[in-house]
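> Chains as they are written, first to last, in our numbering: chain C, 1 to 335; chain V, 1 to 309; chain S, 1 to 339.
Keep in mind the hints are simulated off the structure, nothing from the lab.
Just so you know, nobody snuck in bad clues.
A few chain C residues that don't get close to chain V, going by computed Cβ distances all over 10 Å:
hint, residue
1, V32
2, I33
3, N36
4, L97
5, D151
6, P201
7, H205
8, A207
9, L211
Listed below are the simulated DSS-like cross-link pairs for lysine-lysine, each with C-alpha atoms no more than 27 Å apart in a straight line:
hint, chain 1, residue 1, chain 2, residue 2
10, S, K107, C, K86
11, S, K183, C, K86
12, S, K331, S, K279
13, S, K264, S, K325
14, S, K59, S, K107
15, S, K107, S, K296
Virtual Cβ for every residue (Gly too), placed ideally from N, Cα, C.
Each chain, written out:
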Amino acid sequence: MNTDKHGLKKNLLRHETILFVVLVAEWLFFDVIGHNFGTYDNTCDILRHYCEIGLLALAMTPIILTGGIDLSVASLLGLCAILFGKFWRDAGMPIPLAAACTIGVGALAGGLNATLISWLRLPPLIVTLGTYSLFRGLAEAITHGVDTFTDFPNSFLFLGQERWLGIPAQAFVFIIATIFFWLLVHRTTFGRSFRAIGFSPEGAHYAGIPLGRRVAMVYVLAGVVSAIAAIIYTARLGQAKADAGTGYELFAITAVVLGGTSIFGGVGSIHGTLLGVAAIAVLHSGIAHAVLPGEMAGMLTGLLLILALAGSILPKMISGLRARKSAPRLAKQIP
Amino acid sequence: MKKYFRELSVAAALGILLLALGIFAPSFFQPQPLLSLVTREAPTLVVACGMALVIICRQIDISVGSMFAVCSVCAGLLAAMHWPLALVLAASVLIGAVFGAFNGALVAGLGLPSIVVTLATMVTWREGLRWLRQGVWVDLPNDVQWFGLPQMAGQWTLVLVALTILILLALAMKHFSVGRFIYAVGSDAEAARLAGIRPRLLTFGVFVFMGALTGLAAMMNTIQSPQVDPNSGTGLELKTIAAVVVGGVAISGGRGTLWGVFAGLLLLACISPALTHLHVEAFWGKVIQGAIILLAVVADGLRTRKQRN
Amino acid sequence: MKKTFSLLLAMTVAVFSGCKQSAETPSGGNNTPAPAAKQLTIGFLPKSKGNAYFVSCAKGAQRAADELGDKLIVDGPTDPDPARQNEIVENWITLGVDVIAASCENKEGISTALRKAQAKGIKVVTYDADALPDARSFFVNQATSQGIGYALMDEAARLCDTNGEFAVITGSLTAGNQVAWRKYVEERRAAAYSNMKCDAVEACDDLKDKAQSETTALLSTYPNLKLILSTTSLGVPGAAEAIKQAGKTGVVKNIGLGLPNENKRYVHDGVTQGVILWKTEDLGYLTVYAADAVAKGALKSGDKMFKAGSLGEFEIQGDNIMLGKPFTFNKDNIDQFDF
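Same shape as in the complex, but just chain C:
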């Protein structure tokens, strides 16, 4: 068990190192062929543009570690964004109170996922597929599709658009979130239990881990983080709309998997996720600054994802072939 764990950790580390190298290579490449890419201004912009996706990816990591998935995070972002606008504009709440209420709603929504997944033991993929439609639908229904919320006070917009102490204001939220999740996943018993649950739910159960509570925890956390991301998104854009964040869940999942977290759970890291988000962010920004067609960014992301997956499998395959052991098995069940 010890050597296995060590070997596995070594593999993961190698994946992250390679990803880091890829990231640096990307950066240097776009610095050369792009115009004004490697500037401080642009780095801040990249941070600002991908802050929300980064937050969602951070929240997605423990979920995927437990062997689950959450497709509803981006729809929840949209719902929270318009609710935030409604609390502030129509209910007349001051911004901090509206923000607190929004986070509360996010937690409740995450709680809905949590209840269905951990208490009723329903498959996360389908539950969150349902809530993916449900949350976005509620956002559209509440706003009748047309209502948007704007004219937020400048003190609020500061969060999304200005810099504090030289770095974008929302970066502070992101840094705090990163530290929180890193500690949670890598330094607490909660984090260890997530991996254990991902490796083998039965084993974790017999080891005395309270499965229901732990699994519920990660989905509620995701709900809270979605709400926070929604507030930052609204501040950045200066407008809250029902279709906010469309497509972000796929970005988040891509970043997490790119970072070396296995979609089946049990293996993964926060720093991997960070690298994954950075790799995608740098790619998109670089393509824009090199004045290349935007579709290339999407295609290269897909390619990068496949290479990352294949890369993590390859060493096992090679050693397997060498030892003439059994050929690669089919992947385990989907979450």
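Starting from the known structure of chain C, fit chains V and S onto it as the hints suggest.
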């Protein structure tokens, strides 16, 4: 009866919806619009059948929407070059199969997780198509629509093709060995392998088949109108997975029938026109769709809980 | 593992602090009036990439850029997330374009980014769909929202003999200018055609196939429907196909905003009575000329007329450069156009 409880409950839900429509909005049941609705959904049914097979095999394919778009555009371009329609159909199916083979090779050959592989291929094909076409529609020659048949004949042809595929596949899943093998691999790939089935080859085949069916569906969609919109196929993966899940196919594999999928698809497809007929505003559609998916999966969960206890 | 992690962290910090020293100055965004031969970089932002309407605008834009000797960058969102346009504008700010010409999906949202651009000395003009007035110098207006809404309603009323029921197909429920057009359609109806009733508004998410299925449902829900009006170019052909398949050609009229090429077939078959639009290439052409002139200081606020290359003179109303009136493409003239 108990064995098909799930499928029957979906059919019952569909029945209740139709009953409600019959009482409150009988205008729903006019023959021509109904035929148009069903014809529009025929390609989706074909794709849903393929998706059911993939999910029963304990995999998933979220790239069907992008495959569908690419096949539609290719079929449209070939038809616009005045290729004989039979060849265009063959080409569309072949292109779909090639995409499916790509997915299958990565999933079965390299053992990569299907959800991530198909996520990657979905993004890649979609962006690639956008780049090449830039949203420009394909104009089709006049004789392509409905295979040159009069409209009603064309519509009935498509509907019958979709139903035939459904019936053939449903029977094949039950009575042909390959169908039993798919259930076996979906239940427990390792046990299947030990029993002499070749799970990897089978999985590869399922993905190729999924791609081929998508190509067929793309052709079925292309001949329904005189132009091809490269954005067609948007949301197809959500639609078909929802239909499959609502229809009782377990996401963990090894369980479910195509009849349930048929009922599930009809139920979900009726939501949007039902809302229009009941004078309900359109944005409730997503809420209802989400609610139906959740209800279906909760019902499944409660049943398994009862069984476990 | 701890050691490797700190190594990773150290390298990250090194890379990112290294970029601080890189040159920051944008390529050509300065405020001093430049000599006429200077090559400008113009960022042309459509509402979405891969939309035939904007592809056509971009063609005209490219022609203008070639004539002026300017560099044109065309980039737009490929997915519906509202923040994408902001991201592109902000990328262009750091890239250092001279002027941005934008068609705005979210009026208020995009203004946030456009104001930033203006603060950095980048000029901003808008076309097709406006931003907030303080976020841009000029709006190249193909026709006022009121003009478009009224033209649609007037045409609808004319075809229905000012009496009857109609339904509206819109693109997405949230798109700013579509909301505005619907508002003016309704305003015109209430003021001038009180005998006409709008039965329903359905969204097709800018998908032709969805427009078709929505129209099919509308046709069977409202048996007295006389006309379908689409505020999106994706709606008209989809609705036309639905009307044709329902066998109601001529019974239910079909009009809307649309491109000639996508509708020629249906107009000739009598399914669609007409599509209203404007010369999209001219819009793009005029926009780039205006953008170029604003950047070079040749076009200033308070000007009453503007000359754009081979297209001639255009009237300026306030800060709106008027392209002209909306144009109706019908059986008699649709073949003359190719876009």
